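There are 2 protein chains.
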Amino acid sequence: MNTFTAINLIKRPTGGAITNSLFDIVEKEIPTLKDGEFLVKQSHMSLDPAMFGWMSPDTESYIPPVALGDVMRSSGIGEIVESKHPDYKVGERVMGMMGWQEYVLSTGQGLNKVTVSLPDEAVLSIFALPGLTATQGLFNVGKPKSGETIIVTGAAGSVGSIVGQLAKADGLNVIGVVGSQEKADWIVNELGFDAAINYKSDNLDEQLAEYAPNGIDLYFENTGGPIQNLIIDRMNPHGRVVVCGLISEYDKQVPSPGPSWLNVIKRRLTIQGFTMPDHFHEVPALLEKLTPYVMAGKIKHRSHVLNGLESAIDGLNLFYTGENKGKLIVKL
Amino acid sequence: MNTFTAINLIKRPTGGAITNSLFDIVEKEIPTLKDGEFLVKQSHMSLDPAMFGWMSPDTESYIPPVALGDVMRSSGIGEIVESKHPDYKVGERVMGMMGWQEYVLSTGQGLNKVTVSLPDEAVLSIFALPGLTATQGLFNVGKPKSGETIIVTGAAGSVGSIVGQLAKADGLNVIGVVGSQEKADWIVNELGFDAAINYKSDNLDEQLAEYAPNGIDLYFENTGGPIQNLIIDRMNPHGRVVVCGLISEYDKQVPSPGPSWLNVIKRRLTIQGFTMPDHFHEVPALLEKLTPYVMAGKIKHRSHVLNGLESAIDGLNLFYTGENKGKLIVKL
Numbered sequence: 092m093n094t095f096t097a098i099n100l101i102k103r104p105t106g107g108a109i110t111n112s113l114f115d116i117v118e119k120e121i122p123t124l125k126d127g128e129f130l131v132k133q134s135h136m137s138l139d140p141a142m143f144g145w146m147s148p149d150t151e152s153y154i155p156p157v158a159l160g161d162v163m164r165s166s167g168i169g170e171i172v173e174s175k176h177p178d179y180k181v182g183e184r185v186m187g188m189m190g191w192q193e194y195v196l197s198t199g200q201g202l203n204k205v206t207v208s209l210p211d212e213a214v215l216s217i218f219a220l221p222g223l224t225a226t227q228g229l230f231n232v233g234k235p236k237s238g239e240t241i242i243v244t245g246a247a248g249s250v251g252s253i254v255g256q257l258a259k260a261d262g263l264n265v266i267g268v269v270g271s272q273e274k275a276d277w278i279v280n281e282l283g284f285d286a287a288i289n290y291k292s293d294n295l296d297e298q299l300a301e302y303a304p305n306g307i308d309l310y311f312e313n314t315g316g317p318i319q320n321l322i323i324d325r326m327n328p329h330g331r332v333v334v335c336g337l338i339s340e341y342d343k344q345v346p347s348p349g350p351s352w353l354n355v356i357k358r359r360l361t362i363q364g365f366t367m368p369d370h371f372h373e374v375p376a377l378l379e380k381l382t383p384y385v386m387a388g389k390i391k392h393r394s395h396v397l398n399g400l401e402s403a404i405d406g407l408n409l410f411y412t413g414e415n416k417g418k419l420i421v422k423l
Numbered sequence: 092m093n094t095f096t097a098i099n100l101i102k103r104p105t106g107g108a109i110t111n112s113l114f115d116i117v118e119k120e121i122p123t124l125k126d127g128e129f130l131v132k133q134s135h136m137s138l139d140p141a142m143f144g145w146m147s148p149d150t151e152s153y154i155p156p157v158a159l160g161d162v163m164r165s166s167g168i169g170e171i172v173e174s175k176h177p178d179y180k181v182g183e184r185v186m187g188m189m190g191w192q193e194y195v196l197s198t199g200q201g202l203n204k205v206t207v208s209l210p211d212e213a214v215l216s217i218f219a220l221p222g223l224t225a226t227q228g229l230f231n232v233g234k235p236k237s238g239e240t241i242i243v244t245g246a247a248g249s250v251g252s253i254v255g256q257l258a259k260a261d262g263l264n265v266i267g268v269v270g271s272q273e274k275a276d277w278i279v280n281e282l283g284f285d286a287a288i289n290y291k292s293d294n295l296d297e298q299l300a301e302y303a304p305n306g307i308d309l310y311f312e313n314t315g316g317p318i319q320n321l322i323i324d325r326m327n328p329h330g331r332v333v334v335c336g337l338i339s340e341y342d343k344q345v346p347s348p349g350p351s352w353l354n355v356i357k358r359r360l361t362i363q364g365f366t367m368p369d370h371f372h373e374v375p376a377l378l379e380k381l382t383p384y385v386m387a388g389k390i391k392h393r394s395h396v397l398n399g400l401e402s403a404i405d406g407l408n409l410f411y412t413g414e415n416k417g418k419l420i421v422k423l
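Line by line, the protein sequences give chains P and L. Going by the numbering used here, the first residue of the first sequence is number 92, and it counts up by one from there. Going by the numbering used here, the first residue of the second sequence is number 92, and it counts up by one from there.
To be clear, the hints were calculated from the coordinates, so they are not data collected in a lab. Nothing here was measured: the structure is a model prediction, and the numbers come from that model. Treat the hints with caution; some may be incorrect.
For identical chains, the list gives no copy identity; a pair is met inside one copy or between any two copies.
Claimed, not checked - DSSO-like mimics (lysine-lysine), calculated; alpha carbons at most 27 Å apart, straight line:
| id | residue 1 | residue 2 |
| --- | --- | --- |
| 1 | Lys357 | Lys343 |
| 2 | Lys422 | Lys180 |
| 3 | Lys416 | Lys259 |
| 4 | Lys380 | Lys391 |
| 5 | Lys234 | Lys391 |
| 6 | Lys102 | Lys357 |
| 7 | Lys357 | Lys380 |
| 8 | Lys175 | Lys119 |
| 9 | Lys234 | Lys357 |
Model the full assembly from the supplied sequences, consistent with the hints where possible.
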């Protein structure tokens, strides 16, 4: 076998479900190494909501979109199987932006060696984009204080589940918003959230009143949706809103409006958006912040593993339906 | 004459125009002074959009509403006409929260002596709530940098006109949004704004493109309205939105939604609300910041003067129609 499979983006999504027609599945030659290069056999790829942005036609986006015809962008983890690079040895594990392909030729740029002794799924679920995003958003944007109340939407998702556990470890009252009873049970019984709200239930405002009797200080937004207005209505003066994701909006052609700014004045709120590409240079500091929580056993995770490169395409739609249980990972 | 007139709030507005039925016009005895007290004859009262909040039934508001039956709250300026207080002498000018009444009995608490040699209208227009609000919002929340582009809504209003002139003095490209050609001419020709946009014109987005060719860094919001979405769509990465007022919303029973948060993520925006009661303890520092601009002749103003205490009631509606030309002041 001298070839491997890769998936190129050939069309941009324009709303609705992600389909095969956006992609071209190609066979490529396994390249011959030059000095200073090494070859990685990718074992697991991560699927992340940020990928909708990377496929987006919007040229004003925060990170250049994947060029049409290029391999679809993604992060992943794998093992070095061949090397002509003095610093990278066969058998070492590396992670980074590897794309939708089985093999990656690299000079080392943009890849990091994996030194923690955790399985591939755990590394991708905690130390890759989800954990870095949770750490940056919660601590550096949200600035949580012990005793405050935080509400996290998409709380069973890869980022939200880590945000809630970090906040709980730091002494906050943590409410998670999810889309199923199964996820509600998981975040409360397994992850230790103080309360869960299923956004599909019909007494959302009563539940917010019950679980946040002293109001909400911090709102970590991963999803969007009508609960936004109810949350904003219960925020305390000088509350902070961290806008990390709006998964309910990414497949819409016309975005839904946001909450009125009347509460922004009345409650003197700060609403702040962030994206990780601005903070890639801070990754070492973020890992230093995150690692002690993981080592102390405070951060649990679960992975939802799909099998085979091509399962990635339809796998993206699970972000819209919310049917995945845990961090979406494609096993190659 | 041993009596004077005062206006009490007896009903809360519930949307629509402000009418006499919300108020009770009463005659009161001029009080006899005790030691430590003095009597101020108010000469000019300020009308401010913040007064809609003070009349509001919303108990969660940032400042306690005026209690029903109490004198309507307002700031004003006047002269001491009688004194049994060693530090306040007859003939001195004072300003502060004096309310809708011709005379005010005071121990000095909450009042400040006026030492600048400017007419009453100028003091109320620049050094009272409008100038303090502009200074706090622009410098401490907005953090403008020379060379940036700022857009100010309600740009001919008491706060907006000062914000724009301060920003211009600090080297920003300043765009003002107004509601009439007359106001557009005034802010460009008299106040030195770089450009004005009449929000009632039909090519708003083209005008934004023309006047902000490098995008918008700072958005100082006084009004609300549909132009919000067009502005947000042209903001630069890491842009800041200072939410100071939403005059187009205060007479609505159901508030209009705000812009989608998609741009908050994509452009990594910070949207921050503020109100002055949080910053009253910082007034000395704010005046220290503002005064050099005024003394250097950088801050022009104009007053729209109504005559007689009772003109205040209908005068509030001018904030909704935008028919006033300059800072609304009631001359007693």
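Going down the list of hints, with the structure as the test:
1. Lys357 / Lys343: between (31 Å within a copy, 15 Å between copies)
2. Lys422 / Lys180: within (23 Å within a copy, 84 Å between copies)
3. Lys416 / Lys259: Result: close within a single copy only, 21 Å intra versus 54 Å inter.
4. Lys380 / Lys391: Within one copy only: 16 Å inside, 51 Å across.
5. Lys234 / Lys391: within (22 Å within a copy, 40 Å between copies)
6. Lys102 / Lys357: between (45 Å within a copy, 21 Å between copies)
7. Lys357 / Lys380: between (34 Å within a copy, 25 Å between copies)
8. Lys175 / Lys119: within (21 Å within a copy, 95 Å between copies)
9. Lys234 / Lys357: both (21 Å within a copy, 21 Å between copies)
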